[in-house]
Amino acid sequence: MDRSDKTIFARPEALTDTITHYCPGCTHGIIHRLVAEALDSLGVREKALGVAPVGCSVLAYNYFNCDFLEAPHGRAPALATGFKRLRPDMIVFTYQGDGDLASIGMSEIIHSANRGEKFTTIFVNNAVYGMTGGQMAPTTLAGQITTTCPMGRNVEQTGQPIRMVELLSSLVTPAYLERVAVHTPRHILQAKRAITKAFKYQSEGRCFTLIEVLSTCPTNWGKTPEESVKWLEESLMSYYPLGCKKDPEKPELNDGTV
Amino acid sequence: MAKILMKGNEAIAEAALKAGATNYFCYPITPQTEVAEYLSRRMPEVGGVFLQGESELAVANMLFGASSTGKRVFTTSSSPGISLMQEAISYMAGAQLPVVIVNIMRGGPGLGGILPAQSDYFQATKAGGHGDYRVLVLAPSTIQEAVDLMMLAFHLADKYRNPVMMIGDGMIGQMMEPVEFPEKYKEPPLPPKTWAATGAKGRKPIIIKSLYLDPNLLEDNAWTLHDKYEQMKKEEVRFERYKVSAKNRILLVAYGTMARICQTAIDELEKKRISVGLFRPISLFPFPEKQIYQEAGKKNIGDVLVIEMSMAQMYEDVDRAVRGQKQVSFFGRTGGIVPSPEDVVEQIEKLIDKRKPKAKKKKA
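First to last, the sequence lines map onto chains A and B. Residue numbers are given in my numbering: position 223 of the first sequence equals residue 223, and the series is strictly consecutive. Residue numbers are given in my numbering: position 209 of the second sequence equals residue 1209, and the series is strictly consecutive.
These aren't lab readings, by the way, just hints derived from the structure by calculation. Among these hints, one or two may not hold up.
Here's a subset of chain B near chain A, in silico, CB distances under 8 angstroms, partners left out [said to hold, decoys possible]: (1) 1023; (2) 1084; (3) 1088; (4) 1206.
Idealized CB from N, CA, C, for every residue including glycine.
Isolated chain B, as found in the complex:
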């Protein structure tokens, strides 16, 4: 299939259809409303379900009901809307329902703003609702990657019977780039959905719930979920390295749009003979802890610098992964301000200056 120029939000919508997800529930919120507008036209063409709910609270609960049929379902929203969805996400995680949720993040807290940010990292990766659960989190840095990860998200949701969240900052939603869709989406086989509620014909009733009044059974459920998250940590860690080499003095860690900006900064620094490598987590949960530990532990690395469009959120996970081997610093802008490659270059030069042995001529 030839490449076509598409806006991120529309490309994400089309990718879902390619993955066989033709059931979409939504509520308008900037900067992702184009997904809803696009699908309101496309769903009737593919014979799918499109429904605009009365609130994000209702939409996420509609997903609970819709996912119970065993069909692929999804929604898209932005930060304040995702907060309202946390109730149902917790219930769906507890009831082991597959669902895909896209968060095109804007600045917060509260109503915040409508410009790109990455400030929902904690909410996405640490269980945004109540209870012992996680959602699998994927973070694309290009529109093509958003397409690829969106299709993968449905597969992973079904594989683990767990909510999967794809988080992109507003830039990913609003930017236009050439993208390519597969002619036919292929994925590894999945087990039949024997858990789906399809009517108790010739079998016992199926009950889909997260309620376990017996503490032993509730703990059993928590262990079942825990085992799935451990399996994700073994099988679903995704990341990419850019210009990581034995010459690097500094290791950058950044994801999403921020990682692309860092790539430009790294290219600029190369011209000044400053060697910097980038480690880009693609799966934010499971987090590539071991890989970051290994990269940061290499002898040539003096410093690790985490760069975000948020206030030192992923920084905590990177610092934990590095386990004190090296100094981990943070640089970030937020509230809708996107750091430029020049800002990143400046930060790296500052870090290098700090490490230079101080000249002692003054004392002479």
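Chain A on its own, in the form it takes in the complex:
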């Protein structure tokens, strides 16, 4: 057996050597790593700027080894717009949850996408407000129990959950929109390809790119990590289908210029 000293697995350079505060069974850690691997593979860590949201990943700036801004709730796309307009040579990304992006920050994300801002958004959707303790989000499924809909989400009063990738895909300008998941090794590999592609498109100067990542929240779902994976696969994925909605390489998905 060959026992050479070749490193086969290591922490990406774009991550710091820090223990995260994320709960057991949460997939933020996996998603952080995929973003970091994408920055490393494109060699852009030293010219990268991340924008952290308000929510569970508010402290993302402690885990990424690149420059970071901490935005007001929902405003990460506005900060990213301001920064990237002045520094088009840098690689800019926002990392946002579903309360941040699909509720309080709906206006900022839609207009950034529509202006074709040249940054990448990593949108982590776990169908709940995590940091404040599991309240109903715009993405909470019909009938799903949260602390502000203890009888289950009543869609007659609160509407059906918002599908962000589909909503944004109605815009002509965005370059790349895809929904992925990270609950199995196969899905992680697919997600990694999508995230890397988004950053590659950005470095080519293409318009707005967004990857929605379906994530687990065992703590606020009241489930074990294993049950959470199962619920994600059975419930979340059937309402939020995985797949690409816009890609410059797939002209059949585009209804206009990119």
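Position chain B relative to chain A; hints supplied.
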């Protein structure tokens, strides 16, 4: 450079460019929209960034991102728009980001009206958003002064790493006057912007934030900000006196357009042999407290009269500065109504009549 006739809003825009601020984010609102229109043409000429955002909320947050690059950035708006910007102003003050915000004030509250007012004095000078912070506030009374203060605003923002607000009423924005720009804007040297996010190449990552979950660190940040505001109080108090002399019986305190109207009233009163002086704060934060205390304390001064295009807002700061030495009265019009010099003269004559000893002949 020769004098040119310019509208206030356009002159303010050009002054920013002269100060090297070539990054502008905006949202249309009366009565300052000419700044945006002017810069939409000028920015491409100077190779700058012009962007019309989807709301004032977004615009102010774009400034947060843009300022983080270390380059000079600014916006202009009017009262309701400035209210929407308060979120990001609080965050930028907390994160110590330099930015210049111009408020061409209109009447409020609410949607109010579109005519000139000074009713955002409290909002500008007392921290319009949440948290322990202040913004440095400058108030011009002529278009030339608006040009000069606009250029100074960028220097002060960088010097203190703090938002600076220039407030002018709608008159300052809409009026045309001859102005002169410097051939080349000169300013004292500033320290390098080592805090800017420029990419973590050969250094540790830079994080620009206002979040401190550890209360000790949050308090430390509050003290850092407090120390800056104390330094501003020592170094940045600006004011002007008009016809202040030992003959004055009354001291007027007014700023911006209102101060100019008071000057005309003072000239009129002079003809009637009534001597009145004007104290005009130029920096509203830091407020020229000590100077007002001294002027009001002089023996010849019987009354202090604060005149505003708002409802006794600056009055509170003047009354506090005078510290009970003299009676401080208020006169103001608001909602877009601008007092005339005759209105001011009338108020002063009334005040003098009140102080006259009452004749006692009736009792005889």
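Each hint, compared with the structure:
Below 8 angstroms, beta-carbon pairs count as interface contacts, and residue 1023/B has one with chain A at about 6 angstroms; its hint therefore holds. For the restraint placing residue 1084/B at the interface with chain A, the shortest Cβ-Cβ distance is roughly 11 angstroms, beyond the 8 angstroms limit, so the hint is violated. Residue-level restraint check for residue 1088/B holds (minimum Cβ-Cβ distance to chain A is 7 angstroms; threshold 8 angstroms). Hint status for residue 1206/B relative to chain A: holds, with the closest Cβ pair at about 5 angstroms, below 8 angstroms.
Hint check: a violation occurs at hint 2 only; the rest are consistent with the structure.
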